[in-house]
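Chains as they are written, first to last, in this note's numbering: chain A, 1 to 113; chain B, 1 to 116.
Hints are not guaranteed to be accurate.
Within a straight-line C-alpha distance of at most 20 Å, the following computed DMTMM-like cross-link-like pairs (lysine to aspartate or glutamate) qualify [stated by the list, open to error]:
id, chain 1, residue 1, chain 2, residue 2
1, B, 14, B, 103
2, A, 42, A, 15
3, B, 14, B, 86
4, B, 14, B, 63
5, A, 1, B, 56
6, A, 1, B, 83
7, A, 42, B, 7
8, B, 11, B, 56
9, A, 112, A, 3
10, B, 57, A, 84
11, B, 71, B, 86
12, B, 71, B, 28
13, B, 11, B, 103
14, A, 42, B, 83
15, A, 68, B, 103
16, A, 42, B, 28
17, A, 68, A, 84
18, A, 42, B, 44
19, B, 71, B, 83
20, B, 11, B, 78
21, A, 112, A, 84
22, B, 57, B, 86
23, A, 112, A, 39
24, B, 57, B, 68
The set of hints was computed from the structure by calculation and includes no laboratory data.
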Amino acid sequence: KQEVTQIPAALSVPEGENLVLNCSFTDSAIYNLQWFRQDPGKGLTSLLLIQSSQREQTSGRLNASLDKSSGRSTLYIAASQPGDSATYLCAVLIYNQGGKLIFGQGTELSVKP
Amino acid sequence: DTGVSQDPRHKITKRGQNVTFRCDPISEHNRLYWYRQTLGQGPEFLTYFQNEAQLEKSRLLSDRFSAERPKGSFSTLEIQRTEQGDSAMYLCASSMTGEIYQETQYFGPGTRLLVL
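Generate the whole structure from the sequences, applying the supplied hints.
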C-alpha cells in the first residue's frame, strides 16, 4: 500500500529565506508526483508536476526534484515571501489505480515579514 | 470562471439528516474525482468517474454515501443519515484523459460539512 509522508509538519521562517520541504513515498510504481498549495479553508492549487521519468521541474521561485528509486521528492522555495504562507501537499499518481492521487498530510508553512 | 465549482461552500446539518453536494467540473474534462479532507490531513480519495461511469470507489465510501454523474457533466455526492464523523471538507477535482504521466487534477474550492 502506497504511503506518502511529509516532513516537517509545520515550518516557520523569516522572509527571504530559502527553504526545502520534503516528501517521501513507499512504492516507486508511480506515474508522477505533484506538489499542491492549499490556503486555509480553500481548495488545492497545482504548483508543479514531475513525471516519473523526470528528475526535476521549475516554476519561478519553485523547484521540485524527484528521486523515484529512493522514494523522495523535495520542493525548494527560493527567497520566501509572506504570500508563500500556506499548506503544501505532495501527491503521487500510482499505477493501475485510475487517476487516484495519494496525498501526504502536508507541511504548513509560515513566512514571517 | 472556467475552474471547478462546488456548491454549497459550507453546510451545517444535524446528525441523521441527508445532505447533497454538487460539483461542476471544467467543461471539457471527462474525469471527475471526489476526495475528503479532515483537519490537518491530506485529501483522501473517495471515488471517481470517467464520463458518466463510476470506475472506482474507496472503502471509505460507506453505504451511506452515493455519488452520481448522470450525463457525464456535473456530479453529486449524497450522504445519508449523517454522522459527526462525516464532518470534513469534501473536494472535487477534474481532469482530461490524456497522457497519464502528465495528468493534472484541478480542484474546486471544496464544501465544508459540519455535522452537529
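State the violated hints by number, sorted upward, taking the hints as numbered earlier in the document.
1, 2, 6, 8, 9, 10, 11, 13, 14, 16, 17, 19
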